[in-house]
Amino acid sequence: MNKVLMSGNFIICEAAIRAGCRFYAGYPITPQNEIPEYMAEHMRKAEGGIFIQSESEIVAINMIAGASAAGLRAMTSSSSPGISLKQEGISSMAACELPGVVVNIMRGGPGLGNIRPSQGDYFQATRGGGHGDYRTIVLAPATCQELADLTMAAFDLADKYRNPVMILADGMMGQMMEPVTFKKPKPRIYNKKFMLQGAGSGKSKFIRGLILDPIDMEEHNWKLARKYEVISKKEPRHEEYNINNAKMIIVAYGTAARIAKGAIKRLQNNGMNIGLFRPVTLWPFPEQQLRSLSAKVKNYLVFEMSTGQMLEDIRLALQGYADIRFHGRPGGAVPTPAELANVIARIYERTVK
Amino acid sequence: MAKIVYQRPKSLKEAVFHYCPGCGHSIVHRIIAEVIDELGIRGITIGVPPAGCAVLAYNYFDVDMIEAPHGRGPAMASAIKRSLPDRVVFSYQGDGDLAAIGIAESFHAANRGENITIIFINNAVYGMTGGQMAPTTMLEQKTTTSPLGRNNKLDGYPVKVSEIFSQLQGVTYLERCMVNSPANVNKTKKAIKKAFQCQINGHGFSLIEILSPCPTNWKMNAVNSCKWIDEVMSKVFPPGVFKDDIPAATKTAEVDS
Amino acid sequence: MIVKTIFSGFGGQGVLMMGVSLAHSGMNKGFHVTYLPAYGAEMRGGTANCTVAIADEEIASPVASEPNFLVAMNSPSLFSFQNKVIVEGTIFLNSSITNDRPHRHDVKVFCIPCSDIAQDLGNIRVANIIMMGAFIKVTGIVTSEIYLNSLESIMGSRKKSLAEINRKAFAAGFDYLKNQQG
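Chains as they are written, first to last, in numbering that gives the first Met the number 0: chain A, 0 to 352; chain B, 0 to 256; chain C, 0 to 181.
Some hints could be false.
[Unchecked claim] Far from chain C, by Cβ distances over 10 angstroms, these chain A residues were calculated:
id	residue
1	17
2	29
3	156
4	182
5	193
6	205
7	208
8	213
9	223
10	260
11	261
12	262
13	298
14	323
15	335
16	338
[As the list claims (entries may be wrong)] Listed next, the in silico DSS-like pairs over lysine-lysine satisfying Cα-Cα at most 25 angstroms (straight line):
id	chain 1	residue 1	chain 2	residue 2
17	B	2	A	192
18	A	183	A	2
19	B	152	B	226
20	C	83	A	2
21	A	204	B	186
22	B	192	A	202
23	A	182	C	83
24	B	2	B	234
25	A	191	A	159
26	A	204	A	191
27	A	204	B	9
28	B	189	B	12
29	B	186	B	2
30	C	177	A	264
31	A	191	B	12
32	B	192	A	192
33	A	202	B	9
It is worth saying that the hints were derived from the structure and are not from the lab. It should be emphasised that the depicted structure is a prediction, and the values quoted were computed from it without experimental measurement. Note that CB positions come from ideal geometry on N, CA and C, so glycine has one too.
Chain A extracted, bound-state conformation (with noise of 0.2 angstroms):
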């Protein structure tokens, strides 16, 4: 298969439209204008694809919200202070279990914050981010191959689950440029009858996320609770690398990993065995992976672009059984591989010996 040279942007359109995303709705912001800027041109391109810049990110996420409910594969794209206007319709998404997929590529914050890569956004992404009960399953990609395969994923979990999926990245993931090779999609699978386009000569229907009787409100409540419950079980997904023999774990997800792992190869010269845990999804997250670590290895070091969200998520999942240190770059700054591989050294001797 042909590698071609894409930045991160620019994969997540072209995996979109591969894997049968035929609505997309967007308004501009920093640092992810080349999503609608491709999809302008290339979505229309597509058999059957929309395109409509809209108005606000409000709109934008609830045009997804009915182009799903008409039996579209629907995506819709910001970054961080838009995503935040996006909840409202994320939540009646949710609520009303239509598919779609939100894309975060994450800025500085909070507030306007700035447009330097950032994982401020962290507990929004995994929390539900809106109003309610629910959950938005999250992946988060740390290589431009990842970029396309997890969008590719993004539609059939969005499908399989009926849920909003997202992808988070940050502005470095979306305008780094990376070979990226392109897999076949797979065939989409869902069913018409969730699908609203008219009721024929049959019955109509309606999707709706009111439920105002509280009894009723609770089994739908229940029910999505279930739904998440399985979503927990079957779809956590994470890397490991530099396991075996390893004294100290660092985890961390996209670009935060990818500079964590050129720190660990930077560490191995000198002789220390540092490992890399990477959760795939944030949400469901990988606890049991990562609790099955810690019969092994007692020292984790978490490393985020923030002051400290994912780390939580870590503390729960380790229950004590370890100890835990946090190194954090939050509002826009990266670190590079060898500052962080100070830190982690000083970690390193200090705890594991």
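Knowing the structure of chain A, use the given hints to seat chains B and C on it.
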């Protein structure tokens, strides 16, 4: 042989409206359903009810419906129509839904000339939440959040949706009607039918604004509410056709074919 | 092996194109590559820079804390990045538009008057390709042929007329150093 002159439209379910006595929603629901029946489009119609009193419209309309978050109806309707261009898509919105929280959605759907129909219920007050001020509340009108009457210095002015939207190039058909008398109800039904037909013919965006009584929140009886529309409301919001580009659109369509 | 290069200059000097073309040719030679542009809020003017990593193994970070090579197309770029270059690394400087020189003595320095050469060729916009000729000559990361083929495939069919002038520009940069070294 007896002739049936009045029966439940086929596009309405066998359900009793929850709306207050004298409320305009029931009338408008009924005439939309009649229009759907007459045009024979029940099987291809998709409706988008709002947040507000009509949030439960899917309990009454026997057509496919999807709930939109507050104000987002036109966004959803646009997407559905673009995804399924041969369906008839309408959104049903109140004054808060259309002219306050959803003004951007409505304005830009109209400006893009989306081939959808918006049914806009203007009763100058927030109904479901208990009679608060709406963007269409008139000056001096008392509501629970303008207890001394709407004050232009503090609360601004009533938003004249038909006047404003008629300036948008994307709009094909726009009419303001009333449902406060049998004659006006018939007129409104004709307008709705024209709007749906406009969509079916592919002529673009249509909006029907309907001045509709809300006796409960106006604190009047049903009869006085109807009178109040005539004597007060229709002076601020005069009925009429504000835009009709259907003839021009028809001509263009003929030339194209 | 992993080689990292920072390309830097004014916006409009074609700095990002230098990076993309190098990354593309690295890919075509079968290497792992990453290309990372520094993106800003401004569209024109200001500074532009990008980092290209080329390796025969997976590349952990696209960021270069210690680049092997720096290509500085103006003096602000030289001052911003010269201290990052590894000991015995190489700095390529567009000497046409600055009299500043690196203060480092532990790196190799090549001064290429690429804007002047470009003007002689009748197209100031190919200064970046002239620099790439010199860069490929010195570093040998890829062959000239792989580089030029990559450049043409990036330019696409729209700019086929540019292919010839680009080849000329590349050769001019390549030969400039050849002549210098005698």
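Hints versus structure:
1. Every beta carbon of chain C lies more than 10 angstroms from that of residue 17 of chain A, the smallest distance being close to 20 angstroms; the non-interface claim holds.
2. Not every CB of chain C is more than 10 angstroms from the CB of residue 29 of chain A (nearest about 7 angstroms), against its label as outside the interface.
3. The beta carbon of residue 156 of chain A is kept farther than 10 angstroms from every beta carbon of chain C, the shortest such distance being approximately 26 angstroms.
4. For residue 182 of chain A, the condition that its CB be more than 10 angstroms from all CB atoms of chain C holds, with the nearest at approximately 18 angstroms.
5. Every CB of chain C is more than 10 angstroms from the CB of residue 193 of chain A (nearest about 40 angstroms), matching its label as outside the interface.
6. Once the 10 angstroms rule is applied to beta carbons, residue 205 of chain A is consistent with being away from chain C; the minimum gap is 45 angstroms.
7. Even its closest Cβ contact with chain C, about 38 angstroms, leaves residue 208 of chain A beyond 10 angstroms, as expected for a residue assigned away from the interface.
8. Non-interface call for residue 213 of chain A relative to chain C: holds, since the shortest CB-CB distance, roughly 49 angstroms, exceeds 10 angstroms.
9. The claim that residue 223 of chain A lies off the interface holds: its Cβ sits roughly 39 angstroms from the closest Cβ of chain C, which is beyond the 10 angstroms cut-off.
10. Distance to chain C contradicts residue 260 of chain A as a non-interface residue, since its nearest Cβ pair spans about 4 angstroms, not more than 10 angstroms.
11. At roughly 3 angstroms from the closest C-beta of chain C, the C-beta of residue 261 of chain A falls inside 10 angstroms, breaking its exclusion from the interface.
12. Listed as a non-interface residue, residue 262 of chain A fails to keep its Cβ farther than 10 angstroms from every Cβ of chain C; the least gap is roughly 8 angstroms.
13. At roughly 21 angstroms from the closest C-beta of chain C, the C-beta of residue 298 of chain A stays outside 10 angstroms, upholding its exclusion from the interface.
14. Interface exclusion of residue 323 of chain A from chain C stands, the closest Cβ pair being 23 angstroms apart, more than 10 angstroms.
15. For residue 335 of chain A, the condition that its CB be more than 10 angstroms from all CB atoms of chain C is violated, with the nearest at approximately 3 angstroms.
16. Its beta-carbon lying about 7 angstroms from the closest one in chain C, residue 338 of chain A breaks the requirement of being farther than 10 angstroms from that chain.
17. Between residue 2 of chain B and residue 192 of chain A the CA atoms are separated by roughly 40 angstroms; this puts the pair beyond 25 angstroms, and the hint is violated.
18. Distance restraint check for residue 183 of chain A and residue 2 of chain A: the Cα-Cα separation of roughly 14 angstroms lies within the 25 angstroms cut-off, and the hinted pair is therefore satisfied.
19. Restraint check for residue 152 of chain B and residue 226 of chain B: not satisfied, since their Cα atoms lie roughly 28 angstroms apart, outside the 25 angstroms limit.
20. Under the criterion of a C-alpha separation no larger than 25 angstroms, the hint pairing residue 83 of chain C with residue 2 of chain A is inconsistent with the structure, at around 32 angstroms.
21. Pair hint residue 204 of chain A plus residue 186 of chain B does not hold up; C-alpha atoms about 30 angstroms apart against a cutoff of 25 angstroms.
22. A threshold of 25 angstroms between alpha carbons decides the hint, and for residue 192 of chain B with residue 202 of chain A the separation of about 23 angstroms falls inside it, so the pair holds.
23. Between residue 182 of chain A and residue 83 of chain C, the direct Cα distance comes to roughly 38 angstroms. Violation of the 25 angstroms bound is thereby established for this hinted pair.
24. A hinted pair counts as satisfied when its Cα atoms are at most 25 angstroms apart, and residue 2 of chain B with residue 234 of chain B does not qualify at roughly 40 angstroms.
25. For the proposed pair residue 191 of chain A and residue 159 of chain A, the alpha carbon gap of about 13 angstroms is at most 25 angstroms, so the pair holds.
26. At most 25 angstroms may separate the alpha-carbon atoms for a hinted pair to count; residue 204 of chain A and residue 191 of chain A meet this at roughly 12 angstroms.
27. Between residue 204 of chain A and residue 9 of chain B the alpha-carbon distance is near 15 angstroms, which keeps this suggested pair within the 25 angstroms criterion.
28. For the suggested pair residue 189 of chain B and residue 12 of chain B, the alpha carbons sit about 22 angstroms apart, so the restraint of at most 25 angstroms is met.
29. For the hint linking residue 186 of chain B to residue 2 of chain B, the alpha-carbon distance of about 23 angstroms falls within 25 angstroms, and the restraint holds.
30. Pair hint residue 177 of chain C plus residue 264 of chain A does not hold up; C-alpha atoms about 38 angstroms apart against a cutoff of 25 angstroms.
31. Distance restraint check for residue 191 of chain A and residue 12 of chain B: the Cα-Cα separation of roughly 23 angstroms lies within the 25 angstroms cut-off, and the hinted pair is therefore satisfied.
32. For the proposed pair residue 192 of chain B and residue 192 of chain A, the alpha carbon gap of about 30 angstroms is over 25 angstroms, so the pair is violated.
33. A threshold of 25 angstroms between alpha carbons decides the hint, and for residue 202 of chain A with residue 9 of chain B the separation of about 12 angstroms falls inside it, so the pair holds.
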